[in-house]
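A.B. asks: Spelled out, the chains give:
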Amino acid sequence: MDLFIAIFQGIIIASTPLVLAAIGELVVEKSGVLNLGVEGMMIIGAVTSFIVTYETGSHFLGLIAAVISAGLVASLFGLLTQYLLSNQVATGLALTLFGLGLASLIGQTYSGISLDAFPVFDVYLLTEIPIIGSLLFNFDYLIYLSIIIVVSVYYFLNKTKLGLVLTAIGDSHDSAHSLGYSVKMVRLFAIIFGGSCAGLGGAYLSLVQTPMWVENMTAGRGWIALAIVVFAVWRPLWILVGAYIFGGITIIQLHVQALGVNIGAQYMSMMPYLVTIVVLVFISVNKNRLAVNAPNCLNKLFTSDL
Amino acid sequence: MFKLQKKETIDQSSLYTVPLIAIGCSLIFVFILFLLIGKNPVLAIFIIFVEPLLSIFGLSELIVKATPLIIIALGLSIGFRAGVWNIGAEGQFTIGALFGGATILAFYPTSGIWILPLSFFIAIIGGILWGMIPAFFKARFNTNEILVSLMLTYVAILFLSGMVYGPLKNPDGFNFPESRLFHDSGTLPIIFPGTRAHIGFLMALLLAGLMYYLLKRHKFGFHVKVSGESLRALVFSGKSTNYMVYLSFIISGAFAGLAGVIEVSGPVGQLVPAIPVGYGFTAIIVAFLGRLNPLGICFAGLLLALTYIGGEAAQIKLGLPNAITGVFQGVLLFSLLAAEAFTNYKVTLKKMRGNF
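Those protein sequences? They're chains H and S, same order as listed. For the first sequence, position 149 (counting from the first letter as 1) is numbered 149 according to the numbering used here, and the numbering increases by one without interruption. For the second sequence, position 101 (counting from the first letter as 1) is numbered 101 according to the numbering used here, and the numbering increases by one without interruption.
Don't take every hint at face value.
Only pairs whose alpha carbons sit at most 20 Å apart, straight line, appear in this in silico SDA-like list of lysine to any residue [what the hints assert, rightly or not]:
#  : chain 1 : residue 1 : chain 2 : residue 2
1  : S       : K317      : H       : T109
2  : S       : K317      : S       : F46
3  : H       : K287      : S       : F136
4  : H       : K300      : S       : A341
5  : S       : K39       : H       : T109
6  : S       : K169      : H       : Q266
7  : H       : K300      : S       : G83
8  : H       : K287      : S       : R140
9  : S       : K317      : H       : Q108
10 : S       : K39       : H       : I106
11 : S       : K39       : S       : I316
12 : S       : K39       : S       : V50
13 : S       : K169      : S       : V268
14 : S       : K169      : S       : T110
15 : H       : K159      : H       : F189
16 : H       : K287      : S       : N242
17 : H       : K300      : S       : N142
18 : H       : K300      : H       : V165
19 : S       : K219      : S       : Y246
Cβ-to-Cβ under 8 Å is the rule here; a few derived chain S residues that face chain H [stated by the list, open to error]:
#  : residue
20 : F141
21 : L158
22 : G162
Quick caveat, the hints were computed from the structure, so don't treat them as lab data. Note that the Cβ used here is the ideal one computed from N, Cα and C, for glycine as well.
Produce the entire structure from the sequences given, and follow the hints as far as they go.
C.D. replies: Rendered as structure tokens:
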């Protein structure tokens with residue numbers, strides 16, 4: 001039972017950065033923009049939140065720093081792609097390369113330092129319940145926040161007028177434009193929201209998962225978050241399913257390694273990436289489902305004026 | 001706000017002005033960055049961008065670093081022109097290094113001039129196979145080639161590491177995770193004695209010339225261009241849309257694989273887990289900075305190689321972090337993309353309307 005609880009908790013903790021980064025990217029893609037810079041925004045969030053938390057001693061300020069800094073670099077992407085009409089794929093890559101470089105630069109003197117553990121959201125009576133207490137109530141508050149964000153995005157996209165406008169812009173920017181909606185402005189806000197979520201995901205890595213700063217600590221999670229959006233076929237609640245499956249593979253793969261199964265560590269570590277490829281292929285086979293949910297204007301240039 | 005209008009014709013001079021403007025902007029950015037972190041910016045820029053060009057050692061290292069960048073970027077430029085995004089060149093490079101290196105090791109200590117050509121051949125096949133995976137899924141199921149090729153990069157790096165920790169480990173190496181040093185028949189000839197500059201650089205220049213010819217004079221160049229403009233037009237010219245997907249990945253995979261084997265049989269001289277150092281990603285910047293033009297790519301490759309060598313020098317002499325190279329490269333790509341707007345579009349200022 002203890003092992004089961006350990007694995008369960010490990011999966012939730014490993015998945016939360018993916019949930020946060022993927023739900024942000026989902027909103028961006030729903031508005032018709034493909035931002036491949038998730039990895040770069042995550043690592044910026046990770047490094048700024050670590051530095052601010054270390055210098056001030058406040059986890060909360062660290063999280064705020066992550067949201068603001070990653071939102072700022074995302075707005076750079078937004079300005080370039082929306083107002084200077086640069087290629088989204090290339091600009092996203094530039095954001096990733098720039099983010100990784102900048103994070104190493106500003107984090108250089110902080111590498112190897114560790115932080116105090118992130119506070120657990122402790123409701124005494126609930127945590128005391130046997131098994132269920134450890135399974136559901138023994139986590140940091142960011143995990144609950146990540147689920148709240150996912151549900152809010154679901155509500156926002158499906159039940160609010162602005163959410164429907166955003167979806168409409170992603171499906172046909174020209175029609176939305178003729179109806180008088182500001183395509184670029186909505187997209188810019190979506191991009192900044194996506195960046196802030198990715199920044200939170202990065203902060204989760206450096207404050208909660210391993211409370212220290214290590215260069216390139218995102219290790220491809222930004223790219224997996226992009227794959228999870230495709231896995232979820234752009235439906236918000238499915239982001240949770242996708243992220244927990246990917247987190248699960250990572251953790252179970254580690255436990256299998258610990259059991260001393262006679263496969264090289266490197267081959268086991270390939271699992272999350274290989275599974276991502278297999279999942280992407282399976283999802284893309286079902287063309288009808290993709291056609292219904294995928295934003296029509298994803299990665300297409302919108303050239304009309306403001 | 002301002003308004004962008006697509007220009008009917010693109011100024012030919014923009015081929016030079018855009019990259020130069022972008023380089024200028026990036027230099028200004030690092031100048032400010034050096035000021036912020038309290039280093040003498042003039043001295044730092046001199047050490048990074050000028051000093052390596054003043055010594056034989058610096059120049060020879062420039063050639064060594066530029067070789068893989070130019071070769072990979074030449075391959076990528078075909079796909080980028082055609083709108084096919086191979087982001088996984090780093091993985092194809094790693095597989096090329098592994099396949100080529102394993103071939104050389106398989107024939108240790110046999111000597112013969114056929115060993116290098118054979119290992120080059122196997123490495124190119126390896127790069128092509130690795131590139132064919134995303135191409136096949138893209139062509140067959142329309143699976144996103146960006147994500148698949150990128151995931152395969154992580155797989156390739158782990159695969160190389162698994163091999164070097166396992167079957168390819170040097171039997172006399174005290175259990176260090178590295179292969180034997182390649183014997184003489186498995187090592188590329190040096191151009192200038194006493195340096196690491198090898199004939200791979202000449203191959204890179206030769207490939208650039210070949211590519212220039214193909215794109216300018218051959219029907220192949222026409223297909224690449226048409227596919228970039230519109231896939232529909234390519235279908236009318238008698239090719240299936242998947243033709244360019246496969247062709248782009250075969251060419252970029254082959255070039256990246258070749259760059260991989262050149263790297264291991266040239267400057268590295270053995271297989272180690274740290275062979276992939278990001279050339280595959282930097283080559284994307286090289287391809288864009290060179291305007292997807294073979295000759296431009298040669299200059300761009302040399303410039304980005306300079307940022308690597310200068311970055312190392314600045315680390316030693318000024319205690320600057322090595323990450324400055326990555327920051328400069330990222331800013332360079334950003335400035336390049338921004339500068340492009342001013343060549344492809346006519347920018348006019350206009351009054352902002354109230355409602356949005």
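A.B. asks: A separate judgement is required for each hint: does it hold in the structure or not?
C.D. replies: The hints, checked one at a time:
no.: 1; hint: S:K317 - H:T109; result: holds (18 Å)
no.: 2; hint: S:K317 - S:F46; result: holds (12 Å)
no.: 3; hint: H:K287 - S:F136; result: holds (17 Å)
no.: 4; hint: H:K300 - S:A341; result: holds (16 Å)
no.: 5; hint: S:K39 - H:T109; result: holds (16 Å)
no.: 6; hint: S:K169 - H:Q266; result: holds (15 Å)
no.: 7; hint: H:K300 - S:G83; result: holds (12 Å)
no.: 8; hint: H:K287 - S:R140; result: holds (12 Å)
no.: 9; hint: S:K317 - H:Q108; result: holds (17 Å)
no.: 10; hint: S:K39 - H:I106; result: holds (14 Å)
no.: 11; hint: S:K39 - S:I316; result: holds (14 Å)
no.: 12; hint: S:K39 - S:V50; result: holds (17 Å)
no.: 13; hint: S:K169 - S:V268; result: holds (15 Å)
no.: 14; hint: S:K169 - S:T110; result: holds (18 Å)
no.: 15; hint: H:K159 - H:F189; result: holds (19 Å)
no.: 16; hint: H:K287 - S:N242; result: holds (17 Å)
no.: 17; hint: H:K300 - S:N142; result: holds (17 Å)
no.: 18; hint: H:K300 - H:V165; result: holds (17 Å)
no.: 19; hint: S:K219 - S:Y246; result: holds (17 Å)
no.: 20; hint: F141; result: holds (4 Å)
no.: 21; hint: L158; result: holds (4 Å)
no.: 22; hint: G162; result: holds (3 Å)
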